[in-house]
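Work out the full structure, taking the sequences as your base and the hints as a guide.
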Amino acid sequence: MENRGFDLSNYNFSFSLRNKIGRVIWSFCYFLLFRPFNLETFKGWRSFILKSFGAKIGHNTSIQASVRIWAPWNLEVGSFSSIGPKVDCYNQGKIKIGDHTVISQKTYLCASSHDYTLPDFPLICQYITIGNKVWVAADAFIGPTVNIGEGAVVGARSAVFKDVAPWTVVGGNPAKIIKNRGTF
Amino acid sequence: MENRGFDLSNYNFSFSLRNKIGRVIWSFCYFLLFRPFNLETFKGWRSFILKSFGAKIGHNTSIQASVRIWAPWNLEVGSFSSIGPKVDCYNQGKIKIGDHTVISQKTYLCASSHDYTLPDFPLICQYITIGNKVWVAADAFIGPTVNIGEGAVVGARSAVFKDVAPWTVVGGNPAKIIKNRGTF
Amino acid sequence: MENRGFDLSNYNFSFSLRNKIGRVIWSFCYFLLFRPFNLETFKGWRSFILKSFGAKIGHNTSIQASVRIWAPWNLEVGSFSSIGPKVDCYNQGKIKIGDHTVISQKTYLCASSHDYTLPDFPLICQYITIGNKVWVAADAFIGPTVNIGEGAVVGARSAVFKDVAPWTVVGGNPAKIIKNRGTF
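From first to last, the protein sequence lines are chains U, G and V.
Using our numbering, you'd call the opening residue of the first sequence number 845 and step up by one each time.
Using our numbering, you'd call the opening residue of the second sequence number 845 and step up by one each time.
Using our numbering, you'd call the opening residue of the third sequence number 845 and step up by one each time.
Check before you lean on any hint, since a few could be wrong.
When chains are identical, the list treats them as one kind, so a pair holds in a single copy or across two.
27 Å max Cα-Cα, derived BS3-like pairs, lysine-lysine [stated by the list, open to error]:
#1 Lys1023 / Lys1006
#2 Lys1023 / Lys940
#3 Lys1020 / Lys940
#4 Lys930 / Lys1006
#5 Lys1020 / Lys1006
In short, the hints are calculated from the structure, not lab data.
Since the model is a prediction, treat every value here as computed from it, not as a measurement.
Right, dumping it as structure tokens:
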């Protein structure tokens, strides 16, 4: 069969009306009730707003006011965790983050993709799972279907497309194992 | 000859007055007439605005309202294509994009460079050419003088500095061939 | 000893009150007196504002209005240098930049880290040193404790975690030597 690739002339992918309405309401609440409350003292308030939109968030977790969240109802974060400034949580699919885990500033969690083997290029909503006691350092990229094991460290600016084994340190683009985190 | 490197004490590179005036007018129109119209229903309007500033844009193409465009008159996009949210189209040189091509969110198309072998470090306005039926995935970087062949796929967060052969899949920084896209 | 990793249940890292007050005042001045003055003609004014907050800046240096600076008092830039649009100067530790050096747009200078070998994950304020006649190209990432030698060129989108030797050209993530810059 010959190479034909995309034919996007009938591309009309669309989320459900329910999803669209949910996101419009979330956008308004984000700008009015979440984004302006950027002091540390409001971290409980910000979690409360997210939980009102279906997020599951543990206690003592801090999600910065500048974090972008596509769909709070697809977000689950444990306790004592931290999501830093300007993290982009692009959770068209589910994103689950454990306890005592730190996601540093500007990291991009991208939980969806497209199937480029099909001419109509369908969106695929997938997932990202990040375990307990993980550190994802600044400006990293975590792609869809990635599982990051407990205690792993993902280096700054690295781009992760495959699962990361527990208690390993990875870095680079594409990310590779640099060393074991060791025990302490 | 000894290493002397840059001497920027007389650096006064500047675009032409005509270019500067054009960009000032474009900036105003961008903020008033382009950026606020971010619903899908306004995609034709956004293309119309860009075409008024000299862009060549085919039919049924969607350029998101949050796309940054340095100079619309250096932009050419085919039909049935899509340029996603927050793409940065830094087209001091020409950027040409084909039909049925998708440029995903946050991608940075950087069509110019500097000649670092000269002490006065001159700006070089070059080009980027992206073929038909290409997918450039999220947050990629495409450098100056790059040609991306028909049907190629550029992985998320990858950084492309060399030409990409048609119907190949590339990824990483620097981007390398991962596999052939195959036929379907 | 078993793997226990982070225990962030008592995490309460905080900068000194003096630092916090300084940054609040700087934030106000940034938005009122620095960020709006984005014409080239105001480059001296912008340097003056930064110097008022303790920065050391030489003459004929241009720091774009869209540059983000965490703490001006931790910034030192020489003469005839340029820091481009949207550079993020995350200088919780000191960042020092030489003469005739160009830092291109969107580059992220990240001078601090965390010690992930300790359960309480302490912040470590480190430094970045960039020599004379260096070019850091667009959207690069420079990590903590990095020294970039005189005359080096750091490629676009590259991520630098180790020292860069003088008069070399590096690129990629992680950045590696591509070639010598040579003499001219």
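Alpha-carbon proximity between Lys1020 and Lys940, which holds within one copy, between copies, both or neither at 27 Å: within (22 Å within a copy, 31 Å between copies)
Same-copy or cross-copy closeness of Lys1023 to Lys940 [CA-CA at most 27 Å]: Within. Shortest intra-copy distance 25 Å satisfies the 27 Å Cα cut-off; inter-copy 30 Å does not.
Within, between, both or neither, where Lys930 and Lys1006 count as close if Cα-Cα is 27 Å or less: Close inside one copy (24 Å) and across copies (26 Å); limit 27 Å.
Copy assignment of Lys1023 with Lys1006, given that the CA separation must stay at most 27 Å: both (16 Å within a copy, 16 Å between copies)
Up to 27 Å CA-CA - Lys1006 versus Lys1020, copy category: Answer is both: 9 Å inside a copy and 17 Å across each meet the 27 Å cutoff.
Checked against the numbered hints above, the structure violates none of them.
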